[in-house]
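Protein sequence lines correspond, in order, to chains A and B. Under the numbering used here, think of the first position of the first sequence as 1, with each following residue one higher. Under the numbering used here, think of the first position of the second sequence as 1, with each following residue one higher.
Careful: at least some of the hints might be erroneous.
As the list claims (entries may be wrong) - Pairs of lysine-lysine residues, derived as DSS-like cross-links and limited to a Cα-Cα distance of at most 27 Å, are as follows:
id, chain 1, residue 1, chain 2, residue 2
1, B, K51, A, K357
2, B, K46, A, K330
3, B, K51, A, K43
4, B, K46, A, K350
5, B, K51, A, K158
6, A, K204, B, K51
7, A, K327, B, K51
8, B, K51, A, K332
9, B, K46, A, K2
10, A, K381, B, K46
In case anyone wonders, no lab produced these hints; they're calculated from the structure. What you are looking at is a predicted structure, and each value in this text was computed from that prediction instead of being measured.
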Amino acid sequence: MKALKIAEGIYDVGATDWNVRDFHGYSTENGSTYNAFLIIDEKVTLIDTVKVDFLDQLMAKISSVIDPAKIDYIVSNHTEMDHSGALPRLLHRIGKDIPVFCSKMGHKNLASHFGQKINYRPVADGEELCLGKRTLKFIETRMIHWPDSMFSYLVEDKILFSSDGFGQHYAGPERFDDEIGEAIMPYAKKYFANILWLYAPLIKGVLNKVRELNLPIEMICPDHGVLWRQNPAKIVEAYTRWCDLQPQPDKALVIYDTMWHSTEAMAEAIVAGLAAEGVSAKPMHLRTCHRSDVVTEAFDAKALVIGSPTLNNGLFPTVADFLTYLKGLKPKNKLAASFGSFGWSGEAAKLVEDELKTMGLHLSEDPLKIQYVPNREGLEKCFEFGRRIARAMR
Amino acid sequence: MDNFVCLVCGFVYDPNEGDPENGVAAGTPFADLPADWTCPVCGAPKDQFGKE
């Protein structure tokens, strides 16, 4: 396996995980990559590693450039196991007490994963490390998206190694933004919505901090997916926009699950009502659409209308799953409403509403409940419910 | 003395424990933390904390 040369003396030696489809509960329909970067200088430096199962790929790619035993420095931008998992075995194979540069929190977190025997070298925000002809500058980026996260900037080559920031879960023949074009943006957006949404205010701060540092950036190399070399400003601009958390004013989602198609019939009538008022709306069934795809759509929707049938006096399990996931992402600036069909008790719609209130979303309607199967009159109520929500969106 | 929780990462400041790693002695109430004290986990400033 060959390393990919990305600039003079700089290589991507990471791994491609073509087959991963479930990344801790996030659906990765096109796999992912665990990017790692090798810099050949007086001090040969490796930035990040890979998931432990991919150590052989990493070693083979490093070996295609240089004997891995010649690595002098390792930089850990992020402790999460898809980037540090191979670290102990890599060190074992190289057989040296190689310094591992990491943030202060990286030191703590790496030690909590791998113990104290590694030669950790915590660095301060802004600290620089001379590699010979080149200099690495470390930029602390706590909570983007772990406490340990940091960026490393290669001063002379103007390359930002951005850890999980600006990443995408995508494995394909293309390795650069110019090779894939606009088609990469939905993957970048899905990554932002599912991993970074809740940290948007902090990311805004980091983007400003990087701007103030006035670092010229010719390439952004994230730890997942394609590298931004043709137009790194494009993904920075997209992040700036996403960080504002401004929804599309005419977009609504009707998210639901159903047992005997009654809550589904309600969902479709609500969608029709929203559409009748000119809102762009669609239903998303939670056992058809993966929670991470629903969240990607929910991210920039103005209104979320969530429906659950009542099962054994409670929420339907997939709806509870989705609400838990959504709540953790701290949605803001949205209108919300709840609905659901029930047999004899009908708690679910209210339970959905309670969760939406806990999230701090604005509710303009009481929960809409219909017993058993909605008849023509019931469907009309759903249609009007959708229309009223559409008007409240204005 | 009340505990305060970081609204960014969920870290709980317990005044009985303080934050000795960052020079805050056990027994220091949240209100008495220096203005430039930040969350020891995520770096959030004091105004990002709420009563637990």
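Right, here's what the structure says about each hint:
1. B/K51 / A/K357: Status holds; Cα separation ~20 Å.
2. B/K46 / A/K330: Holds - the C-alpha atoms of A/K330 and B/K46 are around 20 Å apart, at most 27 Å.
3. B/K51 / A/K43: violated (49 Å)
4. B/K46 / A/K350: Distance of about 36 Å is beyond 27 Å: violated.
5. B/K51 / A/K158: The given pair, whose Cα atoms are some 44 Å apart, is violated under the 27 Å limit.
6. A/K204 / B/K51: holds (25 Å)
7. A/K327 / B/K51: holds (20 Å)
8. B/K51 / A/K332: Holds, because 21 Å separates the two Cα atoms, which is no more than 27 Å.
9. B/K46 / A/K2: Violated: B/K46 and A/K2 sit about 49 Å apart, past 27 Å.
10. A/K381 / B/K46: violated (48 Å)
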